[in-house]
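We have chain A already, so just place chain B on it with the hints.
Chain by chain, the residues:
Protein chains: 2
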Amino acid sequence: MAAAEWPGSANTLKGVILDMCGVLYDSGEGDGVAIPGSIEAVQRLKQSDLQLRFCTNETQASRDRFVAKLQRLGFDISVSEVFSPAPAAVSVLKERGLRPHLLVYDGLLPEFDGVDQTNPNCVVMGDAAEKFSYQNMNDAFRVLVGLDKPVLISLGQGRYYKETDGLKLDVGVYMKALEYACDVKAEVIGKPSPMFFQSVLSDMGLQPHEALMIGDDLVNDVGGAQGCGMKGVQVRTGKYRASDESHPTVSADGTVDDLKEAVELLLRHRRL
Amino acid sequence: MAAAEWPGSANTLKGVILDMCGVLYDSGEGDGVAIPGSIEAVQRLKQSDLQLRFCTNETQASRDRFVAKLQRLGFDISVSEVFSPAPAAVSVLKERGLRPHLLVYDGLLPEFDGVDQTNPNCVVMGDAAEKFSYQNMNDAFRVLVGLDKPVLISLGQGRYYKETDGLKLDVGVYMKALEYACDVKAEVIGKPSPMFFQSVLSDMGLQPHEALMIGDDLVNDVGGAQGCGMKGVQVRTGKYRASDESHPTVSADGTVDDLKEAVELLLRHRRL
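Those protein sequences? They're chains A and B, same order as listed.
Using my numbering, you'd call the opening residue of the first sequence number 1 and step up by one each time.
Using my numbering, you'd call the opening residue of the second sequence number 1001 and step up by one each time.
Okay, chain A solo, but in the shape it has when bound (with noise of 0.2 Å):
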């Protein structure tokens, strides 16, 4: 069994990182719900010799409102902790002189403040969700085809995810919809990408082997992260479905009924 072997490893590592949406909680209405035994789970952790860092695709909202939801969930959880995709983005547009038009939801625009949008010479896409209008996607698509060389970035490459009222396309769905569109490759920015996996480890100091990756996103999370290098756990939480564990591509260092499962056999084995 896959999931006998990882926690045996367990000894070797210096630190976690955890992808949040259906780790952590369940989205949905409001601040969505805690997935029973995560809050503990975190505080455990934190009370361990682990670093501990939180990476998530989320694009709907800013790190600080998305901190502060997590925080009245209950969570023990710092902005500085938390690396997604957007301040990300920020960092690359500044270096390359890159001008965006943003394609993403409200909610996120004050992490561009900083950003010069005049002119563009680049399209940004998040999960706009209802911003996915024909409208906008229109607009988008005529910034790009007016461009010599389109640049198309996009904040994660995911299909769909789980709100508490069913499935919802993810802005991976609309990045190939305006690749189709303009003939052109988006560049991802959020996991999977080596990159911002990499951003992860450098900010704890540590080698890819010291670090395992615990999500519910098999292709985004785990994959990403042994592309890495580093270990990946599935929880049969989220967007979680059975036949992941027959994937025919990637295949999970340990699957676990969820983040209190997964901190506990980490901790017990730690101690062995």
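Careful: at least some of the hints might be erroneous.
20 Å max Cα-Cα, derived SDA-like pairs, lysine to any residue [as the list claims (entries may be wrong)]: (1) Lys131(A) x Glu29(A); (2) Lys162(A) x Val1115(B); (3) Lys162(A) x Asp1064(B).
Part of the chain A face toward chain B, derived, beta carbon under 10 Å [said to hold, decoys possible]: (4) Ala128; (5) Met137; (6) Asn138; (7) Leu178; (8) Cys182.
FYI, nobody ran anything at the bench for these hints, they're computed from the structure.
Built from N, CA and C at the ideal position, the CB exists for glycine as well.
Leaving out everything else, chain B in the frame of chain A:
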């Protein structure tokens, strides 16, 4: 020059197939506007010994209403001369016992009046324009993801088209979105599907080398027709772009300024 080559074979032609939007007229508010010279060009073709058919990927209106619009613009044209994807799709649905969830423009709905739409076991999408809302895309996605074997039928695979107020995203873009969301390959009905061109040739009783396609869309009109063994000429109206003339994979048998020039060249060479 390719442009010098195709009229040379004009004497072997027995039929002409015309694309409509971007060749006969530019769409936009109201009925749109006829492209200068195109009404007379259609008239001249009708007075010649060539057979004439119209072939469109138009899926915003039923053929009845679409042809009425063209007649109002001044074209001599009747429903029986027009081939469009919706009636072809209805045949396929009935043949295979498929009950569609429709993601189409309201104006197209009458084409599907006789089709059972209860308890859908496939999704049929057309150029839904403003109907491509996040909500409607989620609804179609949920139908597909709930099927054991998702069947997605797309009425065309165009990237974009031109209306009087600018470029607009076409059905192909949203087809790619749902393909990615559900990890499924759409079945395309309409240009450039060979089956679709073949149905027009059959109606005329012609072999492919006896027919010429004239369109503004290099890939779907010209490339599609060439893929069937027909000659394909592109007009520099509608969605034509200068870069089409150095396209990496499709090369038109001729490129002319507009339908008027195409018909002049064609008829002049037939008299030689």
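Proposed interface contact between Ala128(A) and chain B, which counts if any beta carbon pair is under 10 Å: 8 Å, holds
Met137(A) as chain B interface residue, shortest Cβ-Cβ below 10 Å: For Met137(A), the interface hint holds, since the closest Cβ of chain B sits about 6 Å away, which is under 10 Å.
Is Lys162(A) within 20 Å of Val1115(B), Cα to Cα? Violated: Lys162(A) and Val1115(B) sit about 32 Å apart, past 20 Å.
Holds or violated: is the Cβ of Leu178(A) closer than 10 Å to a Cβ in chain B? 7 Å, holds
Agreement of hint Cys182(A) with chain B interface, Cβ distance less than 10 Å: Status holds, d = 8 Å.
Can the restraint linking Lys131(A) and Glu29(A) be considered satisfied, given a maximum Cα separation of 20 Å? Since the Cα atoms of Lys131(A) and Glu29(A) sit roughly 17 Å apart, the hinted pair holds (cutoff 20 Å).
Min Cβ distance, Asn138(A) to chain B: is it shorter than 10 Å? 6 Å, holds
Lys162(A) and Asp1064(B) were given as a pair; does the straight-line alpha-carbon distance stay at or below 20 Å? Violated - the C-alpha atoms of Asp1064(B) and Lys162(A) are around 42 Å apart, more than 20 Å.
The structure is inconsistent with the numbered hints 2, 3, although it conforms to all the rest.
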